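**Student:** Working from the sequences, and respecting the hints, build out all of it.
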Amino acid sequence: MWFALLLVLLPLLLLLKKDRKFVPPSPPKLPILGNLHQLGILPHSSLRDLSSKYGPVMLLHLGRLPTVVISSAEAARMVLKNHDLNCCTRPSLVALGRLSYNYLDISFSPYGDYWRQLRKLCVVELFSVKRVQSYRFIREEEVVSLIHSISPFGSSSPVNLTEKLFSFTASIIVRMAFGKTFQQSGFNNINDRFEEMVREAMGVLGSFSASEYFPYVGWIVDRLTGLHGRIERIFHKLDGLFEQVIDDHLNPGRTRPDGHEDIVEVLLRIQKDGIEFGEAPLTKNGIKAVIMVRLFLAGVDTNAATVNWAMAELARNPRVMKKTQDEVRTFAGKNGRVTEDEIDQLQYLKMVVKETLRLHPPAALLLPRETMSYFRINGYDIHPKTLIQVNVWAICRDPRYWQNAEDFFPERFSDSSIDFRGQHFQFLPFGGGRRSCPGMNLATRIVELALANLLLCFDWKIPLGMKGKLVIDMEEAAGPSLTVSKKTALHLVPVDRRSLEDHME
56 MWFALLLVLL
66 PLLLLLKKDR
76 KFVPPSPPKL
86 PILGNLHQLG
96 ILPHSSLRDL
106 SSKYGPVMLL
116 HLGRLPTVVI
126 SSAEAARMVL
136 KNHDLNCCTR
146 PSLVALGRLS
156 YNYLDISFSP
166 YGDYWRQLRK
176 LCVVELFSVK
186 RVQSYRFIRE
196 EEVVSLIHSI
206 SPFGSSSPVN
216 LTEKLFSFTA
226 SIIVRMAFGK
236 TFQQSGFNNI
246 NDRFEEMVRE
256 AMGVLGSFSA
266 SEYFPYVGWI
276 VDRLTGLHGR
286 IERIFHKLDG
296 LFEQVIDDHL
306 NPGRTRPDGH
316 EDIVEVLLRI
326 QKDGIEFGEA
336 PLTKNGIKAV
346 IMVRLFLAGV
356 DTNAATVNWA
366 MAELARNPRV
376 MKKTQDEVRT
386 FAGKNGRVTE
396 DEIDQLQYLK
406 MVVKETLRLH
416 PPAALLLPRE
426 TMSYFRINGY
436 DIHPKTLIQV
446 NVWAICRDPR
456 YWQNAEDFFP
466 ERFSDSSIDF
476 RGQHFQFLPF
486 GGGRRSCPGM
496 NLATRIVELA
506 LANLLLCFDW
516 KIPLGMKGKL
526 VIDMEEAAGP
536 SLTVSKKTAL
546 HLVPVDRRSL
556 EDHME
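For the record, in the sequence shown the residue sitting at position 252 is 307 according to this note's numbering, with numbers rising by one throughout.
For the record, the hints were derived by calculation from the structure and aren't laboratory data. A quick note: this is a predicted structure, and the numbers were derived from the prediction, not measured. Please note that the accuracy of each hint is not assured.
[Stated by the list, open to error] Straight-line C-alpha distance at most 27 Å; calculated DSSO-like pairs for lysine-lysine:
hint	residue 1	residue 2
1	Lys-339	Lys-185
2	Lys-175	Lys-136
3	Lys-327	Lys-175
4	Lys-219	Lys-409
5	Lys-516	Lys-219
6	Lys-378	Lys-516
7	Lys-185	Lys-175
8	Lys-136	Lys-440
9	Lys-440	Lys-84
10	Lys-440	Lys-108
11	Lys-235	Lys-339
12	Lys-292	Lys-339
13	Lys-542	Lys-377
14	Lys-219	Lys-440
15	Lys-541	Lys-136
16	Lys-542	Lys-516
17	Lys-389	Lys-409
18	Lys-185	Lys-409
19	Lys-541	Lys-377
20	Lys-136	Lys-108
21	Lys-292	Lys-235
22	Lys-185	Lys-541
23	Lys-327	Lys-235
24	Lys-175	Lys-339
25	Lys-516	Lys-377
26	Lys-339	Lys-327
27	Lys-185	Lys-108
28	Lys-405	Lys-378
29	Lys-175	Lys-440
30	Lys-542	Lys-409
31	Lys-516	Lys-405
32	Lys-378	Lys-541
33	Lys-84	Lys-108
34	Lys-409	Lys-378
**Tutor:** Right, here's the structure in full:
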């Protein structure tokens, strides 16, 4: 009898053991919390440490959410390319959904067909090569304003470069989107609070939402902590701004100071033409969502942070700083500034930008995906309704792909075909596969142009610290933000080369 029972149970036991074997490895978890307590103040760093122990495909339980963390180029390729259609949706409450959900109506479900069509619109219309090129004059005018705002004319006072760069990128995005500066639009009262609005919105996107991880009761926590109120407050601020802008564009007597079709005009033209997105036309709320998500939240802080990191790394590496400046001053800037026509001659500067994006990707973790159907990664079963989180920061610092991975060494890209366009999965600062960042071309132009002109016009010195040491704090900011920025603002002393040359003459 016992022998017969054993024969019946043994196959079942073997099957259960086999099924467990195909579940990705996971750290021990707590009741209710799961693995949330193991995420430190810098989640991307904590996840890398956990992955070094449990593997490049790791299962975490974040409250109620099963989350698979991807920390290798090979696994990232499987997710972003091979199984893209299996996980091409987004969870409705995380990241961008927290603000854009306010614009949802019957035809606009989070990351449904309507949203995918809007993304296609961004790629084809808003961020096409032709469209980005048409705004070149804005970028070049704003970089001149940036240089003028920094120029000390012999002063030895440090400049808060972090603030300057944020204002610079914000001005570009505002002019591209609205066709006017805030001053030209008569929105001076909004201009005073614009930086605060964008930073608060980025904070909301990166903050912890209990309702995501704990069903039925999490919304109570979000209200008690004030997150729900913050979402509503920042949404209404931005919505009020966008409503004013759209009304201004619908005014028959409106003039174009820049003389070019801006982003709002493009979207209103498409709406007027009645082009349908899925089963519905482009709505006013759809226009607002594109402006908010694709321009302001994705384009201001990220570009400013990248230039900021680049300048910090160059200041810490005098050899690289000198080599980059020598190239810029030899091959460009003959008329006192670097134009976009000259950028392609600056191959070493492009390597510096690549190395900055490798060490400091704007988003350390790609926006999470939610699986729609079953598939396998590295032999592990991935089931529907699982979050997929790609740790770009960890992959870009993995010694399996990068020699001396923690060092800032632009020469690693010399004679290398590795690029950030989304096809080399060890280097994904803009994501990869078919859903990489549509604003990649615009972002690189802004970053390269700003960096080249900063290095052309000024020699940069590190100010003395509190103890008289030349030190730059490279610690990453902890807290609510999707963009990985420096914890402390970057203060450098600019020495205006024009003043030096005049003095020498």
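**Student:** Confirm or reject each hint.
**Tutor:** Tested hints:
1. Taking the CA atoms of Lys-339 and Lys-185, the gap is near 25 Å; set against the 27 Å cutoff, the hint holds.
2. A threshold of 27 Å between alpha carbons decides the hint, and for Lys-175 with Lys-136 the separation of about 18 Å falls inside it, so the pair holds.
3. A threshold of 27 Å between alpha carbons decides the hint, and for Lys-327 with Lys-175 the separation of about 18 Å falls inside it, so the pair holds.
4. A C-alpha spacing of about 22 Å is found between Lys-219 and Lys-409, which places the hinted pair at or below 27 Å, so the restraint holds.
5. Between Lys-516 and Lys-219, the direct Cα distance comes to roughly 17 Å. Compliance with the 27 Å bound is thereby established for this hinted pair.
6. The hinted pair formed by Lys-378 and Lys-516 meets the criterion: a straight-line CA distance of about 16 Å does not exceed 27 Å.
7. Between Lys-185 and Lys-175 the CA atoms are separated by roughly 16 Å; this keeps the pair inside 27 Å, and the hint holds.
8. Annotation: proposed proximity of Lys-136 to Lys-440 holds, straight-line Cα distance about 19 Å (limit 27 Å).
9. With a C-alpha separation of about 19 Å, the suggested pair Lys-440 and Lys-84 falls inside the 27 Å cut-off, and the hint holds.
10. Straight-line distance between C-alpha atoms of Lys-440 and Lys-108 comes to about 25 Å, which keeps the hinted pair within the 27 Å bound.
11. Only pairs whose Cα atoms come within 27 Å are accepted, and Lys-235 paired with Lys-339 is accepted, the gap being roughly 20 Å.
12. Note on Lys-292 and Lys-339: the hinted pairing holds, with a Cα-Cα distance of about 16 Å set against a maximum of 27 Å.
13. Restraint check for Lys-542 and Lys-377: satisfied, since their Cα atoms lie roughly 26 Å apart, inside the 27 Å limit.
14. Pair hint Lys-219 plus Lys-440 does not hold up; C-alpha atoms about 43 Å apart against a cutoff of 27 Å.
15. For the proposed pair Lys-541 and Lys-136, the alpha carbon gap of about 32 Å is over 27 Å, so the pair is violated.
16. This hinted pair checks out: Lys-542 and Lys-516 have alpha carbons roughly 20 Å apart, not beyond 27 Å.
17. Annotation: proposed proximity of Lys-389 to Lys-409 holds, straight-line Cα distance about 25 Å (limit 27 Å).
18. Proximity of Lys-185 to Lys-409 is assessed by CA-CA distance (about 24 Å); at most 27 Å being required, the pair is judged to hold.
19. Between Lys-541 and Lys-377, the direct Cα distance comes to roughly 23 Å. Compliance with the 27 Å bound is thereby established for this hinted pair.
20. This hinted pair checks out: Lys-136 and Lys-108 have alpha carbons roughly 26 Å apart, not beyond 27 Å.
21. For a cut-off of 27 Å, the pair hint linking Lys-292 to Lys-235 stands: about 19 Å separates their Cα positions.
22. Proximity of Lys-185 to Lys-541 is assessed by CA-CA distance (about 33 Å); at most 27 Å being required, the pair is judged violated.
23. Using a Cα cut-off of 27 Å, the hinted pair Lys-327 and Lys-235 holds, with the two alpha carbons roughly 22 Å apart.
24. Straight-line distance between C-alpha atoms of Lys-175 and Lys-339 comes to about 17 Å, which keeps the hinted pair within the 27 Å bound.
25. Taken as a hint, the Lys-516 and Lys-377 pair is honoured in the structure, with Cα atoms around 12 Å apart against an allowance of 27 Å.
26. Straight-line distance between C-alpha atoms of Lys-339 and Lys-327 comes to about 11 Å, which keeps the hinted pair within the 27 Å bound.
27. Simply put, Lys-185 and Lys-108 have alpha-carbon atoms about 47 Å apart, too far for the 27 Å limit, and the pair is violated.
28. The hinted pair formed by Lys-405 and Lys-378 meets the criterion: a straight-line CA distance of about 12 Å does not exceed 27 Å.
29. Pair hint Lys-175 plus Lys-440 holds up; C-alpha atoms about 25 Å apart against a cutoff of 27 Å.
30. Distance hint between Lys-542 and Lys-409 is fulfilled; the C-alpha atoms sit about 22 Å from each other, no more than 27 Å.
31. Simply put, Lys-516 and Lys-405 have alpha-carbon atoms about 22 Å apart, close enough for the 27 Å limit, and the pair holds.
32. Annotation: proposed proximity of Lys-378 to Lys-541 holds, straight-line Cα distance about 24 Å (limit 27 Å).
33. Taking the CA atoms of Lys-84 and Lys-108, the gap is about 15 Å. The hint holds against a cut of 27 Å.
34. Our distance criterion of 27 Å between C-alpha atoms is met by Lys-409 and Lys-378, whose separation comes to about 15 Å.
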